[in-house]
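Residue numbers (numbering that gives the first Met the number 0), protein chains in the order written: chain A, 0 to 146; chain B, 0 to 280.
Hints may be right or wrong, so weigh each one.
[Stated by the list, open to error] Computed Cβ-Cβ distance ranges for the label pairs, DEER-style: (1) B:Phe145 with A:Lys44: 29 to 39 Å; (2) A:Pro41 with B:Gln33: 43 to 53 Å; (3) A:Lys44 with B:Gly246: 36 to 46 Å; (4) A:Glu106 with B:Pro218: 42 to 52 Å; (5) B:Asp101 with A:His129: 18 to 28 Å; (6) B:Asp229 with A:Gln96: 52 to 62 Å; (7) A:Val138 with B:Asp100: 19 to 29 Å; (8) B:Phe145 with A:Asp94: 28 to 38 Å; (9) B:Gln33 with A:Val138: 43 to 53 Å; (10) A:Glu67 with B:Ala120: 21 to 31 Å; (11) A:Glu67 with B:Gly239: 44 to 54 Å; (12) B:Gln33 with A:Pro115: 27 to 37 Å.
[Stated by the list, open to error] Covered stretches of chain A (chain B as the covering partner; in silico rule of three or more C-beta atoms under 8 Å from a C-beta of chain B): (13) 67-75; (14) 92-99; (15) 112-125.
[As the list claims (entries may be wrong)] Which bits of chain B does chain A cover? Going by a derived footprint, with three or more residues having C-beta under 8 Å, they are: (16) 48-61; (17) 194-203; (18) 213-219; (19) 241-254.
Rather than coming from a laboratory, the hints here were simulated on the basis of the structure. Where a beta carbon is used, it is the ideal one built from N, C-alpha and C, also for glycine.
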Amino acid sequence: MSITANLAIGVFSIGFMAFAAAAQTAKDVKGATPLVAIPNEPPAKLVVDPPVPEQLALGRVFIQYRTENLRILPVFGNAALSVSPRVGHLHYYVDGQSWPIVDTSGETVVLVGLKPGPHTVKLELADATHKPISGASQVIEFSIPQK
Amino acid sequence: MQVYSNQHRFAQLAALVMAACLMAAPGGAQTARQVRGAAAVEPIANEPAGKIVVDPPLAEPLSRGLVVIQYRTENLHIAPVFGPAALAVSPRVGHIHVTVDDAMWVWADASGEPVILNGLAPGPHKVLLQLETANHQELDSGAVQFTIPNDTHPGSTHGAESRPASDTAPSHETEPPAKIIIDAPAPERLARGVVFLEYRTQNLQVVPVYGPAALAVSPRVGHIHVTVDDATWHWADASGNPVIINGLLPGSHKVLIQLVNADHQPIDEGIVRLTIQQRSQ
């Protein structure tokens with residue numbers, strides 16, 4: 000009885016933590032303000048969504064992504080490596096191309112006009128000197144439908 | 000048997016709560032869309048109401064007299080896109096209006112960056128953030144109240160003023176001095192009481208990158224500080240967007256725009272003097 004009660008209380012408290020997350024502050028969602036340096040900032044992280052399905056059905060590839068512990072900005076060079084909170088940008092490669100497309104907008108990656116059939120897009124976070132950040136890359140595979 | 004059935008009920012309850020948790024759990028590994036909202040390139044039919052969530056000012060900067068207010072929006076992308084035609088844009092775009100201490104006037108901010116105020120007098124203050132459509136109609140709002148402690152020094156941001164600039168600005172020997180060029184207020188807007196100031200910078204990129212380490216970044220980075228009518232305080236803006244102020248009382252006004260480096264030290268400045276006409280209505 001007491002074990003199950005404890006279990007229930009435990010599960011409840013996890014539930015409350017999850018509910019607290021549902022009413023997220025701006026900081027929870029947007030990350031720390033850029034105005035205050037963060038000592039020992041955790042590694043940069045890249046989260047990539049699959050292409051928006053309704054748009055993919057129309058042959059348009061809209062890939063949303065977000066970052067943690069890295070702000071996407073057009074700031075480059077060795078000196079920028081010391082900036083805190085961390086700054087960097089996105090590289091992406093379509094269908095195995097050998098060179099990256101550099102994107103500092105932070106906006107959705109948009110590819111319209113790809114041929115019907117399977118495609119891959121690799122996205123990676125790069126530091127301000129264009130060095131890929133290890134562990135912060137993802138490959139998205141999708142197929143453009145026949146018209 | 001009674002005990003068993005109680006246990007059974009608990010187990011069921013636990014399972015239900017667990018299921019609820021699992022549904023909420025993607026909070027732990029949220030997709031880009033869950034965090035950022037729908038992509039701006041994807042129109043949305045019947046988009047829910049726009050919403051703003053405003054955090055209290057960050058405690059540590061506040062203890063130094065620096066007010067940093069983070070906010071986020073739902074169902075509205077903050078973008079410098081204005082006018083009635085933009086009301087039809089989907090997903091919805093808009094911006095915020097900021098009011099300090101119940102002033103009659105606001106400034107518009109379409110950067111999405113935190114609201115940053117420095118130099119407010121010690122004592123209680125209130126900042127109102129209104130979420131606006133592209134055509135400046137209020138959709139939602141959030142206000143924060145806070146107290147500036149007594150032992151701060153208005154005007155100092157990171158204690159930067161106590162350091163000689165030469166200690167913290169190692170590079171840029173070869174880069175020409177940074178400059179700000181401010182256009183006269185747009186006349187047709189000024190006639191409507193709106194102060195719309197476009198500016199550009201030379202040899203300095205306006206970006207939200209701060210701190211002493213950023214002083215070494217080349218090409219140089221920085222932002223602006225804006226002061227209205229000789230107030231003790233200013234706001235910071237790192238968007239590069241025009242400065243937009245609305246609601247100033249009829250009469251003469253002065254807007255000071257300082258170009259500052261990433262550590263908030265002034266580099267250049269421009270002063271705009273203007274007159275708001277008495278409105279006919």
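How the hints compare with the structure:
1. B:Phe145 with A:Lys44: 29 to 39 Å: holds, 32 Å
2. A:Pro41 with B:Gln33: 43 to 53 Å: For A:Pro41 and B:Gln33 the Cβ distance comes to about 20 Å; the hint is violated.
3. A:Lys44 with B:Gly246: 36 to 46 Å: With a Cβ separation near 42 Å, A:Lys44 and B:Gly246 satisfy 36 to 46 Å, so the hint holds.
4. A:Glu106 with B:Pro218: 42 to 52 Å: violated, 23 Å
5. B:Asp101 with A:His129: 18 to 28 Å: For B:Asp101 and A:His129 the Cβ distance comes to about 48 Å; the hint is violated.
6. B:Asp229 with A:Gln96: 52 to 62 Å: Hint holds: Cβ distance 56 Å, inside 52 to 62 Å.
7. A:Val138 with B:Asp100: 19 to 29 Å: violated, 52 Å
8. B:Phe145 with A:Asp94: 28 to 38 Å: This hint is violated: roughly 52 Å between Cβ atoms.
9. B:Gln33 with A:Val138: 43 to 53 Å: For A:Val138 against B:Gln33, whose Cβ atoms are near 21 Å apart, the range 43 to 53 Å is violated.
10. A:Glu67 with B:Ala120: 21 to 31 Å: Check failed, 37 Å falls outside 21 to 31 Å.
11. A:Glu67 with B:Gly239: 44 to 54 Å: violated, 25 Å
12. B:Gln33 with A:Pro115: 27 to 37 Å: For B:Gln33 and A:Pro115 the Cβ distance comes to about 30 Å; the hint holds.
13. 67-75: Holds, because 4 residues of the region 67-75 of chain A bring their Cβ atoms closer than 8 Å to Cβ atoms of chain B.
14. 92-99: As far as the region 92-99 of chain A goes, the hint is violated, because 0 residues have Cβ atoms under 8 Å from chain B.
15. 112-125: Coverage by chain B is violated for the region 112-125 of chain A (0 residues, Cβ < 8 Å).
16. 48-61: Answer holds; 6 residues pass the 8 Å Cβ test.
17. 194-203: Violated - the region 194-203 of chain B has 0 residues with a Cβ nearer than 8 Å to chain A, which falls short of three.
18. 213-219: As far as the region 213-219 of chain B goes, the hint holds, because 4 residues have Cβ atoms under 8 Å from chain A.
19. 241-254: With 0 residues in contact (Cβ-Cβ under 8 Å with chain A), the coverage given for the region 241-254 of chain B is violated.
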